[in-house]
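Asker: Below are the chains, spelled out letter by letter.
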Amino acid sequence: MAENWQTGGFGLYVHWPFCEAKCPYCDFNSHVTRKVDHARWRRAFLSEIARVSAETGPRVLSSIFFGGGTPSLMPPDLVGDIVTAACAAWTPANDLEVTLEANPRSVEANRFEGFRDGGVNRISMGLQALNDHDLRQLGRLHSVAEAKAAFDVARSVFHRISFDLIYARQSQSEEDWRRELSEALEMAADHLSLYQLTIEPGTAFWERDRRGALPGLPDEDRAADMYEITQELCDAAGLPAYEVSNHAQPGSESRHNLIYWRYGDYVGIGPGAHGRLGSGDGRIATEAWRNPGAWLDAAEAGDGTRITNPVPRDEQATECLMMGLRLREGLLLQRLQALDPRVASARARAALQEDGLIWERDGQVGATDRGRLLLNSVVGALLPDQP
Amino acid sequence: MSTPLSRIRNFSIVAHIDHGKSTLADRLIQLTGTVAERDMKEQMLDAMDIERERGITIKANTVRIDYPAKDGHTYVLNLIDTPGHVDFGYEVSRSMQAVEGSLLVVDATQGVEAQTLANVYTAIEADHEIVPVLNKVDLPAAEPDRVREQIEDVIGIDASEACLISAKTGVGIPDVLEAIVNRLPPPPEGDPDKPLKAMLVDSKYDQYLGVICIVRIIDGTLKKGDRIRMMKTGGTYDVDDVGVYRPAMTHVKSLGAGEIGYLNASIKQVRDTRVGDTITHEKRPCETPLPGFKPSVPVVFCGLFPVDANDFEDMRDAIEKLALNDASFTYEMETSAALGFGFRCGFLGLLHLEVIRDRLEREYDIELITTAPSVIYHLFRKDGERVDLHNPADMPDMTYVSHIEEPRIKATVMVPDEYLGDVLKLCQERRGIQLDLTYVGGRAMTVYDLPLNEVVFDFYDRLKSVTKGYASFDYEMIGYREDNLVKMSILVNDEPVDALAMMVHRDRAEMRGRAMCEKLKELIPRHMFKIPIQAAIGGKVIARETLSAMRKDVTAKCYGGDATRKKKLLEKQKAGKKKMRQFGKVEIPQEAFISALKMDS
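These protein sequence lines map, in sequence, to chains A and B. Per my numbering, the very first residue in the first sequence carries number 2; after that it's consecutive. Per my numbering, the very first residue in the second sequence carries number 197; after that it's consecutive.
Hints are computed from structural coordinates only; laboratory data are not their basis. Any given hint could be a false lead.
[Unchecked claim] In the DSS-like style, the derived pairs of lysine-lysine whose C-alpha atoms are separated by at most 25 Å in a straight line are: (1) Lys768(B) - Lys781(B); (2) Lys517(B) - Lys23(A); (3) Lys23(A) - Lys762(B); (4) Lys428(B) - Lys490(B); (5) Lys449(B) - Lys464(B); (6) Lys578(B) - Lys400(B).
[To be verified] Facing chain A, from chain B, some residues (calculated, C-beta under 10 Å): (7) Lys736; (8) Arg740; (9) Thr751; (10) Lys753; (11) Cys754; (12) Leu765; (13) Gln769; (14) Lys770; (15) Lys781; (16) Pro785.
For each residue, glycine too, the CB sits at the ideal point set by N, CA and C.
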């Protein structure tokens, strides 16, 4: 089972840290800057690809993902150069997926063709909401009309389009969401990411919530009801959930994100990017310098990574379980127990099965629909008591 | 000793909490120059952190004050600062026996309180001369005339010559000093040549010196080098030092009849010194010990368990150390299915319980789970044997029990008229029988016969809350009486939780059971499955609640960059669960064990 990390696939994540404005719910590594020296960034990214590929050796690259930040603010030729370099450094799969996250604005939509010409074949748009009041509340710069226009442009350029919505928002009723989601499903993308609003530490929303200035957020029961509405509508529209918050037409799942959830290998370059790389029998976790300036300096000096840590086998098991149970398909029990035989003990599994929270079939273990909604507790129950 | 008895005055101060006892003592010390101005601090005589924080006195303290009176003579004034709380009633009575007079300090804005009453009666029993002192007369709300009248009506002593003072500002303090000299009697004539007879008033442990005893000499003389015997405990010791507190320990050559001071005799444990014991010389003992000695008997019991089972050994050490210095505190090992290894501990009362628990947590840094306080029930078996039940978990099957008796108390509550109705309701709810009800100037005093069991837990909190803090309360034990008592068990997810079992009156069982189940439903977090919570007597369920299953606990976004952080969160979550106690599949937070028993209505 030593080669397990390879079975999850191999992808490249590229982090573009800049945004035009910081959203109040966002805890990602994003920065607002007026001037970016694109030539410097290009050299840094290309040198990182060269460095990492020397470390990984030859691999079949199944995905490249441009995330951020707002990567749709990148010059298309920079995107193209990175794709070209990656395809030269590793062997691209025949069905290589190249995804770029885009803001649904006309400025970015004008670059879509350029991105396509640079190799991007899938676009993921941050629509977030389909009414202007809520978009403003979420601190977004676009309007619904602008977003729909950008979406139409994307449709004319790309075959594979996903968009994000955030729900369980302030004062959003179950009916409001039902209506908004139905409208979204009519837009007929092949993939949807539907996230419940989470108030993350370190965000503006966290501070507001702490002061009691975020009234009307749903309680646990209402949030659960809204999640169930989401499953119901998406199933009916032929976009079933394949992960906690991700829905796709069968076959249109995000290949890149599946690498994470199947606990495969991924290289992360750019500020704050994380990676997991198998080497022989072990696994290492990498983390790049978070600050854009610091990363740039480090990358130019030869290595943008700040941390390179071996992941002990019990922690690999934890990560593998935590990620794998997010998927409807579940994960291979044998793989998990080879990493740490204490994880997912027969006793813990039996108790969870009795409560209808997990299933087991053909050596796979997975969360039931109810179990997926309680995933943190389910994973907790499957971990051994003594770390 | 050179001071003639006629120039000695021994006295104590009787006061309700916050009526200004410690402040008055501070002023007396300050005004007579007993302590240099720069060494003054508040609550001069209270040494323990807990005493200072809570403004209470737990250990008796004494201070010798030299006072040059207006008559031209210098007097030696010995103040014994006694504990005031009902838990330490016996200790108070011994301190009172050691002096001849008392200052009765009453807050002129509030009047006589129940605790004052209990302590002033102890003083009267000890034949004290009593000088009433009205404090806080500088405040606009002060009503000295009304309070004077109340003292005369309720306590029955003349208050026409009460001193009017403000301990805070110092107004009237010289009058108090003169009153001590002129109105309190000197100690009775003792015989310095008779065999030594001294009372052990209190003792405490000093980490450098060992056990220090506060003593009052009745007859004879005590000096360094004497070999002494404790008449009750039988221990014999060589006296290393005698002296007085000013309030720092000050060595003297000897202590004579009528005097109060300390003795240090290399005694290792406070447990070897019993409050009220008689100290005499080994070679030439006195014939009879002083009357009134009582060994202390704990009346309230509870289980103390370490939150972290790994702390058990540390906790055992800490408890043993504390017990060495507190003869009134008892302990024995207890095993609970719910809470693991711990101790069943006995205390003089609830304050005593809190003090010990605080000290264990604070001085020894051990986090504790405290189970519901309980009293000692007398169980009479059908074969006639009496069993003392300290722990509801030890209750035998009812088929072997003929009847159960519980301890009863006589409780006195003093309260402004407008809250009387709520107080009566509370006492009735707690199975009280009214013994008396009188009114004095806008205040009511009611006396109830109550089961101690109904009082040990949250009676005082409830009383404070229904009277907005205006009630005062005191009690004494009056004996045991039979009643219809049963053991109520609590089942969580069909498993009995021994630490939550309790004795209740049969007629109140449904109500308490319902309240417990509702409370636990709030206190136990939702789990991945639904949890029935039941109260039962024997096999019969009398109350039931269902805690519905948790519905949503999932992270919305988790991608490659989140793995490290989310993994750490999981580990943290797992560590947090260690603070919970596992019962079958259910995790119960520690605070539930005590909070579940608090009743809101």
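Asker: The structure should be examined with respect to each hint, and the outcome stated for every one.
Answerer: Each hint, compared with the structure:
1. For the hint linking Lys768(B) to Lys781(B), the alpha-carbon distance of about 20 Å falls within 25 Å, and the restraint holds.
2. A hinted pair counts as satisfied when its Cα atoms are at most 25 Å apart, and Lys517(B) with Lys23(A) does not qualify at roughly 59 Å.
3. Distance hint between Lys23(A) and Lys762(B) is fulfilled; the C-alpha atoms sit about 23 Å from each other, no more than 25 Å.
4. Distance hint between Lys428(B) and Lys490(B) is fulfilled; the C-alpha atoms sit about 10 Å from each other, no more than 25 Å.
5. Note on Lys449(B) and Lys464(B): the hinted pairing holds, with a Cα-Cα distance of about 23 Å set against a maximum of 25 Å.
6. Our distance criterion of 25 Å between C-alpha atoms is broken by Lys578(B) and Lys400(B), whose separation comes to about 45 Å.
7. Hint on Lys736(B) is violated. Least Cβ distance to chain A is approximately 28 Å, over the 10 Å limit.
8. A cut of 10 Å between beta carbons decides the hint on Arg740(B): the least distance to chain A is about 21 Å, and the hint is violated.
9. The beta carbon of Thr751(B) comes within 6 Å of a beta carbon in chain A, closer than 10 Å, and the hint placing it at the interface holds.
10. With a least beta-carbon distance of about 6 Å to chain A, the hint placing Lys753(B) at the interface is held under the 10 Å criterion.
11. Annotation: interface hint on Cys754(B) holds; nearest CB of chain A at approximately 6 Å, less than 10 Å.
12. Taken as an interface hint, Leu765(B) checks out: its beta carbon lies about 8 Å from the nearest beta carbon of chain A, inside 10 Å.
13. Among the interface hints, the one on Gln769(B) holds; its C-beta lies about 6 Å from the nearest C-beta in chain A, closer than the 10 Å criterion.
14. Taken as an interface hint, Lys770(B) checks out: its beta carbon lies about 6 Å from the nearest beta carbon of chain A, inside 10 Å.
15. The interface hint given for Lys781(B) is met, as the beta carbon of that residue sits about 7 Å from the closest beta carbon of chain A, less than 10 Å.
16. Because the beta carbon of Pro785(B) sits about 16 Å from the nearest beta carbon in chain A, more than 10 Å, this interface hint is broken.
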